[in-house]
Amino acid sequence: MTDDDAELVALIDNELDDKAKTALVARLATDERLRQRYEELRETGPPLAASFDALLGEAPVDRLRAALPALNTVRQPSWRLRGIALRELAAGVLIGLLAAGAAVWGASTFGLFDNNDDWRSAVADYTELYTNETFTPLNPDAALQAAELSAVGAKVGAALTPENVALPGLRFTTAFMLAYDGHPLAVMAYVDPSGAPVLFCILANQAPDAALRSERRGDLSLAWWKRDGRSHLIIGRLSEERAVALARLVEGRV
Amino acid sequence: MSEASRREVRAALEPSLARLWRYALVLSRARDKADDLVQATCVRAMERADQFLPGTRVDRWLFAILRSIWLNEIRSQRIREGGGFVDAEEALTTDGAREIEMNITASAVLRAIDRLPEAQRETLLLVYAEGYSYAEAAATLGVPIGTIMSRLAAGRAALARLK
Chain W
53 MTDDDAELVA
63 LIDNELDDKA
73 KTALVARLAT
83 DERLRQRYEE
93 LRETGPPLAA
103 SFDALLGEAP
113 VDRLRAALPA
123 LNTVRQPSWR
133 LRGIALRELA
143 AGVLIGLLAA
153 GAAVWGASTF
163 GLFDNNDDWR
173 SAVADYTELY
183 TNETFTPLNP
193 DAALQAAELS
203 AVGAKVGAAL
213 TPENVALPGL
223 RFTTAFMLAY
233 DGHPLAVMAY
243 VDPSGAPVLF
253 CILANQAPDA
263 ALRSERRGDL
273 SLAWWKRDGR
283 SHLIIGRLSE
293 ERAVALARLV
303 EGRV
Chain F
91 MSEASRREVR
101 AALEPSLARL
111 WRYALVLSRA
121 RDKADDLVQA
131 TCVRAMERAD
141 QFLPGTRVDR
151 WLFAILRSIW
161 LNEIRSQRIR
171 EGGGFVDAEE
181 ALTTDGAREI
191 EMNITASAVL
201 RAIDRLPEAQ
211 RETLLLVYAE
221 GYSYAEAAAT
231 LGVPIGTIMS
241 RLAAGRAALA
251 RLK
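These protein sequence lines map, in sequence, to chains W and F.
Numbering-wise, this note's numbering puts 147 at position 95 of the first sequence, and it's gapless, one number per residue.
Numbering-wise, this note's numbering puts 181 at position 91 of the second sequence, and it's gapless, one number per residue.
Incorrect hints may have been included.
Quick list of in silico lysine to aspartate or glutamate cross-link-like pairs, EDC-like style, CA-CA up to 16 Å [what the hints assert, rightly or not]: (1) Lys207/W <-> Glu110/W; (2) Lys123/F <-> Glu110/W; (3) Lys207/W <-> Asp244/W; (4) Lys123/F <-> Glu163/F; (5) Lys123/F <-> Asp233/W; (6) Lys73/W <-> Glu95/W.
With beta-carbon atoms standing in for the labels, derived distance ranges [stated by the list, open to error]: (7) Ala94/F <-> Arg79/W: 24 to 30 Å; (8) Glu226/F <-> Gly109/W: 44 to 50 Å; (9) Pro189/W <-> Pro105/F: 27 to 33 Å; (10) Pro112/W <-> Ala154/F: 19 to 25 Å; (11) Ile235/F <-> Pro112/W: 31 to 37 Å; (12) Ala209/F <-> Glu91/W: 46 to 52 Å; (13) Leu301/W <-> Ser223/F: 56 to 62 Å; (14) Thr74/W <-> Ser223/F: 46 to 52 Å; (15) Glu226/F <-> Gly270/W: 39 to 45 Å; (16) Val233/F <-> Asp105/W: 24 to 30 Å; (17) Arg115/W <-> Glu163/F: 19 to 25 Å; (18) Ala78/W <-> Val233/F: 27 to 33 Å; (19) Ala94/F <-> Arg87/W: 33 to 39 Å; (20) Thr188/W <-> Ser223/F: 40 to 46 Å.
Heads up, incomplete: computed chain W residues facing chain F, CB under 10 Å, no partners named [said to hold, decoys possible]: (21) Asp57; (22) Ile64; (23) Asp65; (24) Glu95; (25) Gly97; (26) Asp105; (27) Leu108; (28) Arg117; (29) Leu120; (30) Leu264; (31) Glu267.
Bear in mind the hints are in silico, worked out from the structure with no lab data behind them.
All values reported here derive from a predicted model rather than from experimental measurement.
Backbone N, C-alpha and C define an ideal beta-carbon position, used for all residues, glycine too.
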C-alpha cells in the first residue's frame with residue numbers, strides 16, 4: 053500500500069471532493085507510476101464485487117427461511133401471559149386462571165399471520181421463553197393435576213387423565229389453558245430430569261385430520277398431528293426422534 | 091407497537107436473509123456463527139419492530155442490528171471466554187470454479203479478503219457489496235471517513251497483489 057492509495061481508491065469510487073479530485077487528476081496526467089498504481093487498484097473493483105456476489109450463493113437460505121415463521125408471534129403478550137400463569141399456578145389457583153380464560157393472548161395478536169399451522173409458531177415462540185427453572189418448581193399433588201387435566205380437557209373436547217398424558221422419562225407438572233385465534237389451546241407441561249420443558253398441546257381448531265409430522269425449529273423439536281377436529285403438538289428441547297416417539301405414544305391414547 | 095412497522099420489518103426479513111448471512115460470515119468467519127447471528131438478528135428485529143421508522147431503509151436497519159449483536163453479544167462473549175477468534179483456514183469460500191476478472195477466481199479473492207482484519211473485511215463488504223457511500227459507512231461504523239478510505243485502500247492493495 054502506498055501513501056497515495058487511499059486517495060486513488062476514493063477517486064475510483066467517485067468519493068473525492070472536487071478540489072482533491074482536480075489535484076489528483078493533475079498529478080495522474082504527469083506521473084506514470086501513479087497512473088500505473090491507479091490502474092492496479094481500479095482493476096480490483098470488479099473482482100471484489102463479483103466475489104462478494106458469489107458468497108451470496110453460499111448462504112443457507114432454506115435453513116434460515118425455515119426458522120423465520122417462528123418469528124410471527126414474538127411480542128410482549130406472551131411474556132405477560134407467562135408471568136400471570138406462573139404466578140397463579142404457584143398460588144395454586146389454576147381454576148381461577150381457567151375461568152379468566154387466559155385469552156389475553158389470542159386472536160387479536162395473531163391477525164397478521166393466521167394460517168392453519170401458525171399456532172405451532174406461536175407455541176414455539178413462547179416455548180423458547182421457558183427455561184429449566186420454569187416448571188421444575190411446580191409439584192402439585194396428584195388430585196390437583198387430575199382436576200387440571202379434566203378441566204383443560206373439557207375445554208378442548210378431550211378426556212385427559214394423568215394416565216393417558218403420562219410420557220416416559222418426563223415428569224408431568226401442570227396443565228393450563230391458552231387460546232389461539234379464538235380457539236382453546238390446552239397445554240400440558242412436563243420436565244425432563246434436567247428440568248428442560250416439554251409441552252404437549254391440543255388446539256381445538258376443527259382442523260382436518262393429518263398424519264404425524266415433525267420438524268426442527270432452532271433448538272426445538274416439534275411433532276404434530278391432527279385428528280377429530282383437534283391439532284396436537286409435542287414440542288421441547290429434545291431430539292426430533294424422541295419428539296416423534298412421544299407423539300406416537302400419546303397419539304394412541306388421547 | 092406499530093402494525094405498519096411490524097409488517098414492513100417482517101416482509102423484509104426473507105429477502106434479506108442471504109445478505110445478512112454474508113455480512114455475518116464476513117464478520118464472524120464461521121458459518122455456524124453466521125447462522126446464529128442471522129437468526130438472532132431476525133428475532134431482535136421482530137421484537138423491536140416498533141423502533142423501525144417506516145420510510146427508512148429496513149435492510150440498513152437489519153444490518154445495524156446484526157452488527158450490534160455481533161459486537162455486544164457474540165464477539166464479546168467469545169473474547170470473555172478466552173476463545174478469541176477461530177482461525178479458520180478458509181471461512182470465506184465459494185465453489186472456486188467461477189473465474190472472474192484478472193484471471194483469478196472468486197475463491198482466490200475471498201481468500202485474500204479472509205486474511206484481512208475484521209474492520210477491513212467489514213468496510214469492503216459494506217461499500218463494495220452493499221453500496222454504502224463512504225459517509226454512510228463512516229456513520230454506520232462510527233469512524234471518520236479517512237479511516238474508511240484507508241481500510242478500503244488496504245483491502246484493495248491486498249487484492250492488487252494477487253495479480
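- For the pair supplied as a hint, Lys123/F and Glu163/F, is the alpha-carbon distance within the 16 Å limit? Within the cut-off at roughly 12 Å; holds.
- Between Pro112/W and Ala154/F, does the C-beta distance stay in 19 to 25 Å? Check passed, 23 Å falls within 19 to 25 Å.
- Item | 44 to 50 Å as the expected CB spacing between Gly109/W and Glu226/F, which holds or is violated | 26 Å, violated
- Item | Interface hint compliance - Leu120/W to chain F, C-beta minimum distance less than 10 Å | Holds. Min distance 6 Å.
- Status of the given 46 to 52 Å range, CB of Glu91/W versus CB of Ala209/F: Because 26 Å falls outside the window, the suggested range is violated.
- Consistency of beta-carbon spacing, Ser223/F to Leu301/W, with hint 56 to 62 Å: 60 Å, holds
- Item | 16 Å limit on alpha-carbon distance, applied to hinted pair Lys73/W and Glu95/W | 19 Å, violated
- Message: Tell me if the interface restraint on Glu267/W is satisfied: Cβ within less than 10 Å of some Cβ in chain F.
- Response: 15 Å, violated
- Message: Quick check on Glu95/W please, does its C-beta sit within 10 Å of some C-beta on chain F?
- Response: 6 Å, holds
- Item | Hinted contact Gly97/W with chain F - closest CB pair below 10 Å | Holds. Min distance 7 Å.
- Message: Holds or violated: the 46 to 52 Å window for the beta-carbon distance between Thr74/W and Ser223/F?
- Response: Cβ of Thr74/W to Cβ of Ser223/F: about 20 Å, so the range 46 to 52 Å is violated.
- Given a hinted range of 27 to 33 Å, is it respected by the beta-carbon distance of Ala78/W and Val233/F? 29 Å, holds
In terms of the numbered hints stated before, the structure departs from hints 1, 3, 5, 6, 7, 8, 9, 12, 14, 15, 19, 20, 30 and 31, listed from lowest to highest.
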